[in-house]
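Based on the sequences and whatever the hints tell you, model everything.
The listed protein sequences derive, respectively, from chains A and B. All the letters of the first sequence, read from the start, carry residue numbers 1 to 273 under our numbering. All the letters of the second sequence, read from the start, carry residue numbers 274 to 546 under our numbering.
In case anyone wonders, no lab produced these hints; they're calculated from the structure. Here the structure is a predicted model, which is why all the values come from computation and not from measurement. Using N, Cα and C, we set each Cβ at its ideal position, and we do this for glycine too. Misleading hints may appear alongside valid ones.
DSBU-like cross-link-like pairs, simulated, lysine-lysine; straight-line CA separation at most 30 Å [stated by the list, open to error]:
1. A/165 to A/90
2. B/392 to B/382
3. A/165 to B/459
4. A/19 to A/249
5. B/438 to A/19
6. B/319 to A/56
7. B/383 to B/410
8. B/387 to A/147
9. A/90 to B/420
10. A/137 to B/420
11. B/438 to A/90
12. B/410 to B/459
13. B/528 to B/315
14. A/147 to B/410
15. A/165 to B/420
16. B/459 to A/186
17. A/56 to A/224
Label-pair restraints from in silico Cβ distances [stated by the list, open to error]:
18. A/2 to B/386: 46 to 54 Å
19. A/109 to B/477: 48 to 56 Å
20. A/230 to B/387: 46 to 54 Å
21. A/62 to B/490: 55 to 63 Å
22. B/365 to A/134: 17 to 25 Å
23. A/63 to B/276: 44 to 52 Å
24. A/91 to B/507: 54 to 62 Å
25. A/63 to B/295: 25 to 33 Å
26. B/388 to A/56: 46 to 54 Å
27. B/537 to A/109: 35 to 43 Å
28. B/304 to A/114: 37 to 45 Å
Number of protein chains: 2
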Amino acid sequence: MRSLKVIKIGGNVIDNPEKLQSFLSDFAAIEGPKILIHGGGKIATKLSTELGIEAKLIDGRRITDEDTLRVVTMVYGGLINKNIVASLQKYQCNAIGLTGADANIICAKKRPVKKIFSKEMNQAIDLDYGFVGDLDKSSVDAASLCKLLESGFTPVFSAITHDGKGQLLNTNADTIASILAASLVKQYETSLIYCFEKSGVLMDVNDESSLIESINPSVYSDLKKNGIINEGMIPKLDNAFEAIENGVKEVFIGKSDALTGLNQNNFGTRLTM
Amino acid sequence: MRSLKVIKIGGNVIDNPEKLQSFLSDFAAIEGPKILIHGGGKIATKLSTELGIEAKLIDGRRITDEDTLRVVTMVYGGLINKNIVASLQKYQCNAIGLTGADANIICAKKRPVKKIFSKEMNQAIDLDYGFVGDLDKSSVDAASLCKLLESGFTPVFSAITHDGKGQLLNTNADTIASILAASLVKQYETSLIYCFEKSGVLMDVNDESSLIESINPSVYSDLKKNGIINEGMIPKLDNAFEAIENGVKEVFIGKSDALTGLNQNNFGTRLTM
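See below:
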């Protein structure tokens with residue numbers, strides 16, 4: 001079976017033009033079929049501020065209202081995505097920039113209204129997250145995605161999906177990466193790679209040299225029990241192990257500027273079964 | 274040979290949400306392979322105004338500076354393109370939204386600096402149009418575009434291209450439509466359709482019932498000689514006949530809300546050899 005790499009970069013790379021160019025050059029050099037998923041970064045927040053659109057929060061939860069959706073569609077789906085594609089073309093990588101609506105590859109469900117207890121209002125409220133899309137295993141049209149990969153294109157996804165009924169939806173980029181990887185395990189031996197600002201999962205979050213090279217579910221359980229895993233990492237790692245349970249061969253978590261190590265299996269922390 | 278329809282819509286449709294939905298529903302219903310190219314409309318101008326970006330003109334010629342390119346990349350490549358794609362998906366048309374950078378389909382040349390005589394400054398000046406892309410017959414990678422068509426996707430292009438060196442470029446949508454149609458004549462029997470605000474080419478520009486049903490080069494020459502063709506139409510028609518000279522079977526020019534007539538060859542003015 002051919003191998004496939006699904007790589008996610010976050011806002012810290014997007015926001016730094018030099019880092020981004022260096023990353024894209026490294027990404028282009030990775031051999032074989034690959035997919036890139038990019039998050040947003042601060043450009044959308046900056047544009048919202050310039051347009052006088054205030055971030056809408058209910059009880060600390062971010063809401064995607066109509067204005068915010070317009071901004072992220074412009075910034076993630078247009079500005080960031082198309083500039084990444086043009087840069088990858090410069091590095092001889094035949095990128096094609098997509099949202100989940102394109103070729104109907106990711107069809108999400110609008111997050112349902114939830115009853116929560118609002119601390120702010122000291123009462124139960126119906127919380128509507130707005131135009132946010134949630135994903136499950138049935139969300140991805142793997143056949144369409146494979147057609148693009150088999151044509152020799154490198155899909156580049158922004159974190160926008162749709163509901164199949166004409167509505168675009170804001171969607172978590174980590175989840176998109178994980179769901180895309182899991183949906184292609186029948187066609188490819190799939191690796192999922194999360195790039196972030198640290199060298200990987202660390203024994204001591206303040207010591208970049210304390211990298212944990214590999215973690216399996218039993219090591220993960222011990223690390224959590226002993227309070228070694230930083231709380232912010234837990235959703236990321238839960239997400240990663242879920243992808244592995246769904247057939248993804250391995251998940252790497254590491255620093256975006258170390259991507260070239262991937263070819264030698266030398267990149268950050270490796271999670272496996 | 275299979276037939277292919279390359280259809281261009283302008284800003285007047287984009288700016289009217291009801292007209293746009295009605296057009297997209299009609300477009301989705303057209304049988305066989307097809308491509309959509311859309312222009313911009315007033316949304317980009319509105320966003321520029323909100324952001325305090327002034328339209329830059331030199332001697333009446335519009336310049337695409339860096340700020341303007343950012344705005345059109347967001348609005349044409351993101352907001353408009355992705356909403357059109359999501360709507361087409363609703364109408365069961367498997368659209369994929371693209372710029373010329375995606376899959377390297379349209380590689381343009383940045384318009385060279387031109388020496389012009391400036392009336393404003395009453396002297397010769399070097400005019401730099403900024404980030405504007407010009408196209409010729411070699412600009413299109415027909416093989417990549419055919420892979421998308423053969424996969425059953427409907428490409429939807431915004432009027433953004435790239436130079437292959439990492440730079441996005443603002444490009445005339447009419448020209449994109451004409452060049453795309455001409456580049457596919459070996460693989461498809463190609464028709465090019467321009468949708469605009471009139472019923473077609475009119476004998477009397479103020480009388481919608483004075484439609485000229487068909488024009489060939491000799492009729493065109495007579496109409497021009499007799500001053501019947503409205504001056505604003507001449508570049509559009511020159512463009513159309515150039516496409517026909519390059520192997521496009523026919524060009525239709527008509528009103529966007531009459532698109533369903535295409536299936537019966539009953540749409541606006543038909544230009545042929």
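Comparing the hints with the structure gives:
no., hint, verdict
1, A/165 to A/90, "violated, 36 Å"
2, B/392 to B/382, "holds, 27 Å"
3, A/165 to B/459, "violated, 36 Å"
4, A/19 to A/249, "holds, 28 Å"
5, B/438 to A/19, "holds, 18 Å"
6, B/319 to A/56, "holds, 23 Å"
7, B/383 to B/410, "holds, 15 Å"
8, B/387 to A/147, "violated, 43 Å"
9, A/90 to B/420, "holds, 21 Å"
10, A/137 to B/420, "holds, 27 Å"
11, B/438 to A/90, "holds, 5 Å"
12, B/410 to B/459, "holds, 13 Å"
13, B/528 to B/315, "holds, 19 Å"
14, A/147 to B/410, "holds, 27 Å"
15, A/165 to B/420, "holds, 26 Å"
16, B/459 to A/186, "violated, 36 Å"
17, A/56 to A/224, "violated, 33 Å"
18, A/2 to B/386: 46 to 54 Å, "holds, 47 Å"
19, A/109 to B/477: 48 to 56 Å, "holds, 54 Å"
20, A/230 to B/387: 46 to 54 Å, "violated, 58 Å"
21, A/62 to B/490: 55 to 63 Å, "holds, 60 Å"
22, B/365 to A/134: 17 to 25 Å, "holds, 23 Å"
23, A/63 to B/276: 44 to 52 Å, "holds, 47 Å"
24, A/91 to B/507: 54 to 62 Å, "violated, 42 Å"
25, A/63 to B/295: 25 to 33 Å, "holds, 31 Å"
26, B/388 to A/56: 46 to 54 Å, "holds, 52 Å"
27, B/537 to A/109: 35 to 43 Å, "holds, 40 Å"
28, B/304 to A/114: 37 to 45 Å, "holds, 44 Å"
Hint violations for this structure: numbers 1, 3, 8, 16, 17, 20 and 24, all remaining hints satisfied.
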